[in-house]
Amino acid sequence: MTRFQTAFSPTRSALVCFITAGDGDTAANLDALVEGGADVIELGMPFTDPMADGPAIQAANLRSLAAGTKTKDIFAIATAFRARHPNVPLVLMGYANPMVRRGPEWFAVEAEKAGVDGVICVDLAPEEDPDLGPNLRAHGISPIRLATPTTDARRLPTVLDGSSGFLYYVSVAGITGKQQAALASIEENVARIKQSSDLPIVVGFGVRTPEQAEQIARVADGVVVGSAFVEIVGKYGNDAPEYLREYTASLAKAVHNARETAA
Amino acid sequence: MTEQQPNSFRNQPDERGHFGQFGGRYVAETLMPLVLDLEREYKAAKADPAFKAQFDDLLEHYVGRPSPMYYAERLTEELRKDAPAGKGAQIWFKRDELNHTGAHKINNCIGQILLAMRMGKTRIIAETGAGQHGVATATVCARFGLPCVIYMGATDVARQQPNVFRMKLLGAEVVPVTSGAATLKDAMNEGLRDWVANVHDTFYIIGTAAGPHPYPELVRDFQSVIGTEARAQLLARTGRLPDLLVAAIGGGSNAIGLFHPFLDDPDVKMLGVEAAGHGLDKEHAASLAGGFPGILHGNKTYLLQDEDGQITEAHSISAGLDYPGIGPEHAWLKETGRVDYTAVTDTEALDAFQLLCRTEGIIPALEPSHAIAAVAKVAPTMDRDAIICANLCGRGDKDIFTVAEALGTQI
Numbered sequence: 001m002t003r004f005q006t007a008f009s010p011t012r013s014a015l016v017c018f019i020t021a022g023d024g025d026t027a028a029n030l031d032a033l034v035e036g037g038a039d040v041i042e043l044g045m046p047f048t049d050p051m052a053d054g055p056a057i058q059a060a061n062l063r064s065l066a067a068g069t070k071t072k073d074i075f076a077i078a079t080a081f082r083a084r085h086p087n088v089p090l091v092l093m094g095y096a097n098p099m100v101r102r103g104p105e106w107f108a109v110e111a112e113k114a115g116v117d118g119v120i121c122v123d124l125a126p127e128e129d130p131d132l133g134p135n136l137r138a139h140g141i142s143p144i145r146l147a148t149p150t151t152d153a154r155r156l157p158t159v160l161d162g163s164s165g166f167l168y169y170v171s172v173a174g175i176t177g178k179q180q181a182a183l184a185s186i187e188e189n190v191a192r193i194k195q196s197s198d199l200p201i202v203v204g205f206g207v208r209t210p211e212q213a214e215q216i217a218r219v220a221d222g223v224v225v226g227s228a229f230v231e232i233v234g235k236y237g238n239d240a241p242e243y244l245r246e247y248t249a250s251l252a253k254a255v256h257n258a259r260e261t262a263a
Numbered sequence: 001m002t003e004q005q006p007n008s009f010r011n012q013p014d015e016r017g018h019f020g021q022f023g024g025r026y027v028a029e030t031l032m033p034l035v036l037d038l039e040r041e042y043k044a045a046k047a048d049p050a051f052k053a054q055f056d057d058l059l060e061h062y063v064g065r066p067s068p069m070y071y072a073e074r075l076t077e078e079l080r081k082d083a084p085a086g087k088g089a090q091i092w093f094k095r096d097e098l099n100h101t102g103a104h105k106i107n108n109c110i111g112q113i114l115l116a117m118r119m120g121k122t123r124i125i126a127e128t129g130a131g132q133h134g135v136a137t138a139t140v141c142a143r144f145g146l147p148c149v150i151y152m153g154a155t156d157v158a159r160q161q162p163n164v165f166r167m168k169l170l171g172a173e174v175v176p177v178t179s180g181a182a183t184l185k186d187a188m189n190e191g192l193r194d195w196v197a198n199v200h201d202t203f204y205i206i207g208t209a210a211g212p213h214p215y216p217e218l219v220r221d222f223q224s225v226i227g228t229e230a231r232a233q234l235l236a237r238t239g240r241l242p243d244l245l246v247a248a249i250g251g252g253s254n255a256i257g258l259f260h261p262f263l264d265d266p267d268v269k270m271l272g273v274e275a276a277g278h279g280l281d282k283e284h285a286a287s288l289a290g291g292f293p294g295i296l297h298g299n300k301t302y303l304l305q306d307e308d309g310q311i312t313e314a315h316s317i318s319a320g321l322d323y324p325g326i327g328p329e330h331a332w333l334k335e336t337g338r339v340d341y342t343a344v345t346d347t348e349a350l351d352a353f354q355l356l357c358r359t360e361g362i363i364p365a366l367e368p369s370h371a372i373a374a375v376a377k378v379a380p381t382m383d384r385d386a387i388i389c390a391n392l393c394g395r396g397d398k399d400i401f402t403v404a405e406a407l408g409t410q411i
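Residue numbers (full-length UniProt numbering), protein chains in the order written: chain A, 1 to 263; chain B, 1 to 411.
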């Protein structure tokens, strides 16, 4: 069983938590997310030009880079996380240029050594998969793709081809941290994608509150929360862990119990 | 290792939008279906005589094409003064600064807004650096009655106030962007963020031959009117093809527009001129000279970046060249060796700006001043009967405040 297979269950939705690497005390923040009940960790790789991100994650990227975060620091954070948490899936999420700068093989080898399970590359369209995908797959790392409201039935097979781990359904056409999509639209799209794929489907973009998370958890295999965590890190700095732990726990409770509550 | 030369330099990109290893479609999934739609629509438009007829008609009667081909006699003589005997090439200018709105940018905007309307889009967005592309976009939006939002770095808003006011007069909303260094790259990020949230009704008019496929191709095609005219004009006036073409390069749309129709004429050499800013060992905007291949803003190309792939800030006195990337076709033309590239500093560009003012009575924009500086270096090394054609891609009215400040003059 891969760590993803353990984390996703047919009977219970998973909580996927995103923070930006190098923004605040990342190790302590990650521990707080796990202690609060995170099932999967997405670790954001900061980039100077995060064009798919809203203001909260843009600011986190810039804080991290201003603090001097380097790619080697991100792998060090991942390696240490893996040592402390052998069973929690860890996904690197970021933009193509920092991932391919030293060549895709270098990146895939470092990610494998660091115990990374999957990689989400926001601006690497499936059409450009040869730039990174083959190397990731050869090193046992899942390329995790995004599907969006604009990914129609004709295009979906292209997105699914070569992806593994889970599929990230971006519930709104837009950037991170803004408005949330209507639940009916999420339910319909998740059901549509399920017809074409056995991958777990997680839903993100604009999910902030336990109530929103609970509603999505009833229809999806996982719920992603990012900007809300990043804002906590931005607000509390080195004191963030206790707030992250508490907020994660409230989300985890809502997500994990969603289907029982509904039934 | 010698790479085998292609049979033609004019058949790029391939069906996946790649110019050799460069180009491509590196965008968020939300944009991919739209980018694929645009590709289909552009193919259909290219095959539609009515589209070409409307484009040509607007270029003639609204933009004022063809732009003149001008023999710069006094500049030629001036540069011959210090040239060795028998040296000092003839200098000709393609006068795209005489276009409506004062630069080559309008050629592309006309083409793209016609495409936007074909696709049923009802809202236009664009990014701008110096403001020339913003003004050109606002102009075509006014002409066709479409709402227009222009993203412009807050730094550029401050240093290009006349163009900001022009855009507002034309009915555009100008949104200052404060992220990053608040210049062109950040404006482009913000344009992409708007686009991804408004794909259903919005068309993004990209201002240079860069971005995800098919933008580099279609911008090049719309700008190729420059080279097509230049080729016919020079043949008619001089009876032969030029020996050297010279153009300034930020993203590279005026250069690719001039070069592309000549790429398969093996005797025509070409020189692209990047902005060396304070010097190539200091802050500059010369992606080919000082950058490495990477991925940004939808395409793979040469980028100014650090060892971790973080994008570094560009600098040029010319806001239109102040960008850390370059169009992917130029990256490919550099690697194939078909086009030579050089770089010119702020100081050299300022000298060339003044040289052209005094010898020809033409105030050039700071962007083509870089091309003129390169011409001033190379013309004295070429034979007297050699012909150089440089693209005078913009007029300098917008730059007089910047130039005055650089020369220490109060106006």
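Calculated from the structure, these hints are not laboratory results. Be aware that one or more of the hints could be misleading.
Below 20 Å or equal to it, Euclidean Cα-Cα: the simulated SDA-like pairs (lysine to any residue) are [unchecked claim]: (1) Lys178/A to Lys87/B; (2) Lys72/A to Glu307/B; (3) Lys194/A to Lys178/A; (4) Lys72/A to Cys357/B; (5) Lys70/A to Lys121/B; (6) Lys235/A to Lys72/A; (7) Lys178/A to Lys269/B; (8) Lys178/A to Asn198/B; (9) Lys121/B to Arg40/B; (10) Lys70/A to Gly180/B; (11) Lys178/A to Gln215/A; (12) Lys70/A to Lys269/B; (13) Lys87/B to Ala289/B; (14) Lys113/A to Ala197/B; (15) Lys178/A to Gln310/B; (16) Lys70/A to Glu307/B; (17) Lys70/A to Asp201/B.
All of these numbers come straight from a predicted model, not from anything done at the bench.
Each hint tested on the structure:
1. Lys178/A to Lys87/B: Violated: Lys178/A and Lys87/B sit about 64 Å apart, past 20 Å.
2. Lys72/A to Glu307/B: 11 Å, holds
3. Lys194/A to Lys178/A: 26 Å, violated
4. Lys72/A to Cys357/B: 52 Å, violated
5. Lys70/A to Lys121/B: Since the Cα atoms of Lys70/A and Lys121/B sit roughly 41 Å apart, the hinted pair is violated (cutoff 20 Å).
6. Lys235/A to Lys72/A: Distance of about 26 Å is beyond 20 Å: violated.
7. Lys178/A to Lys269/B: Since the Cα atoms of Lys178/A and Lys269/B sit roughly 51 Å apart, the hinted pair is violated (cutoff 20 Å).
8. Lys178/A to Asn198/B: Holds, at about 13 Å.
9. Lys121/B to Arg40/B: Given that 20 Å is the threshold and the Cα spacing comes to 15 Å, the pair holds.
10. Lys70/A to Gly180/B: 18 Å, holds
11. Lys178/A to Gln215/A: 18 Å, holds
12. Lys70/A to Lys269/B: The hint is violated at about 42 Å.
13. Lys87/B to Ala289/B: Given that 20 Å is the threshold and the Cα spacing comes to 28 Å, the pair is violated.
14. Lys113/A to Ala197/B: With a Cα-Cα distance of about 37 Å, the restraint between Lys113/A and Ala197/B is violated, given a limit of 20 Å.
15. Lys178/A to Gln310/B: 25 Å, violated
16. Lys70/A to Glu307/B: 9 Å, holds
17. Lys70/A to Asp201/B: Between Lys70/A and Asp201/B the Cα gap is close to 39 Å, so the pair fails against 20 Å, i.e. violated.
Hint compliance for this structure: hints 1, 3, 4, 5, 6, 7, 12, 13, 14, 15 and 17 are broken, all remaining hints hold.
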